[in-house]
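Protein chains: 2
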Amino acid sequence: MEKKIITISREFGSGGSTIGRKVAEKLGIPFYDKELVDQIAVESGFAPQYVEEHGEHSPGKSFFSYAFAHHGVPGVMNGLSTADFLWNIQCNVILQLADKGPCVIVGRNADYILKDRKDCLHTFIHADMDFRADRIVRLYGESEKSPEARLQEKDKRRRVNYQHYTGRTWGTAQNYDICLNSSAIGIDECVDIIVALAQGK
Amino acid sequence: MEKKIITISREFGSGGSTIGRKVAEKLGIPFYDKELVDQIAVESGFAPQYVEEHGEHSPGKSFFSYAFAHHGVPGVMNGLSTADFLWNIQCNVILQLADKGPCVIVGRNADYILKDRKDCLHTFIHADMDFRADRIVRLYGESEKSPEARLQEKDKRRRVNYQHYTGRTWGTAQNYDICLNSSAIGIDECVDIIVALAQGK
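Top line first, the protein sequences correspond to chains A and B. One point on numbering: in our numbering, the residue at position 29 of the first sequence is 29, and numbering is uninterrupted. One point on numbering: in our numbering, the residue at position 140 of the second sequence is 140, and numbering is uninterrupted.
Heads up, some of the hints might be wrong.
One copy or two, it doesn't matter: identical chains are merged, so the pair holds either way.
Claimed, not checked - No more than 25 Å apart at the CA atoms, straight line, and that leaves these computed lysine-lysine pairs for PhoX-like:
#1 Lys118 - Lys4
#2 Lys154 - Lys26
#3 Lys22 - Lys201
#4 Lys145 - Lys4
#5 Lys26 - Lys201
By construction, these hints were calculated from the structure, which means they are not laboratory data.
Given the sequences, and given the hints that come with them, work out the whole structure.
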């Protein structure tokens with residue numbers, strides 16, 4: 001069966017976003033990664049930078065962000081925390097995008113948000129630590145923290161966010177149709193496998 | 001890079017063993033599933049039925065089995081529990097088989113036992129509950145317990161055994177090079193993907 005919506009969950013630095021972009025190009029369908037952030041920003045009234053920072057990260061600690069972020073937009077959040085408010089918008093945006101037609105969606109718990117659709121291929125991309133560390137230094141530059149510390153922090157925040165909003169454990173194989181170790185298999189080989197599965201081959 | 005040893009971990013009823021057998025046939029290499037049990041039985045002095053029952057299941061509760069199983073083989077286990085003794089034999093048998101040459105090994109925590117070899121492709125096969133329930137009734141017949149209860153019990157025993165001997169969580173994507181949902185992707189499609197990866201294509 002042909003799969004129209006491809007969700008790509010990924011460890012930071014594993015190449016998941018790159019794989020998603022290439023899959024979308026090969027299939028000739030829209031690709032949503034940072035593009036999602038902009039849509040969520042428009043619908044929520046938050047700055048894109050704020051959405052990007054909080055959309056996949058740990059919930060909580062939101063009283064001050066609540067108080068300040070909605071300066072001038074009183075009552076919009078109906079008493080929800082900033083994180084829960086953003087989560088609701090994120091769910092709506094992702095459900096609407098999926099309804100519009102075939103696409104690739106990276107991150108933002110889309111595997112869970114779209115779990116009831118039968119036309120999705122849910123994928124998870126992970127990779128060995130040294131592959132990811134090398135990759136983030138090349139792509140995102142050096143930082144005061146070691147690449148390993150940056151990876152662990154980012155993974156932890158995604159894991160906590162996923163657990164909080166889905167009740168599932170991040171990276172559990174059973175949540176996905178296919179999980180791939182991009183450092184063992186290769187970025188382009190991952191792309192080819194996902195494209196073939198999406199086409200029902 | 002061509003991968004010589006394929007390990008297949010699997011949920012009960014997911015078709016993992018069938019997939020492994022077909023992969024081995026296509027690659028023209030030996031297949032070890034129940035065959036492993038016989039080798040472990042020979043090396044341990046236990047009956048094959050006993051090895052099969054305990055080789056992938058929960059450790060513990062072994063005093064009586066210890067006392068009875070080794071009637072006539074005093075001192076062989078060097079004070080280890082039956083489960084730990086079997087685990088040691090299992091590790092040795094799997095390491096020796098991998099040394100002998102290319103092969104497919106199903107279950108028995110081979111992914112962990114062979115984790116330090118670079119020429120392995122570690123796979124995990126899972127499937128939706130209704131697919132597995134239907135499959136075990138067709139393959140293994142009816143039972144007093146519901147198929148769902150049989151699946152849950154078997155999964156739990158494998159999970160506890162894996163956790164105990166490896167310190168890892170069973171079914172975590174990061175432990176494998178590729179994880180596949182056989183009910184979503186199809187048994188034969190899983191075979192083709194694994195064969196292509198093993199051949200380095």
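So, going through the hints one by one against the coordinates:
1. Taking the shortest Cα distances, lysine 118 and lysine 4 sit within 25 Å of each other inside one copy (9 Å), while across copies they are farther apart (36 Å).
2. In this assembly of identical chains, the alpha carbons of lysine 154 and lysine 26 never lie at most 25 Å apart, being 29 Å within a copy and 41 Å across copies at closest.
3. Taking the closest pair of Cα atoms, lysine 22 and lysine 201 come within 25 Å of each other both inside a single copy (18 Å) and across two copies (18 Å).
4. Taking the closest pair of Cα atoms, lysine 145 and lysine 4 never come within 25 Å of each other, the shortest separation being 39 Å inside a single copy and 38 Å across copies.
5. In the homo-oligomer, the alpha carbons of lysine 26 and lysine 201 lie at most 25 Å apart both inside one protomer (14 Å) and across protomers (19 Å), since each shortest distance falls under that limit.
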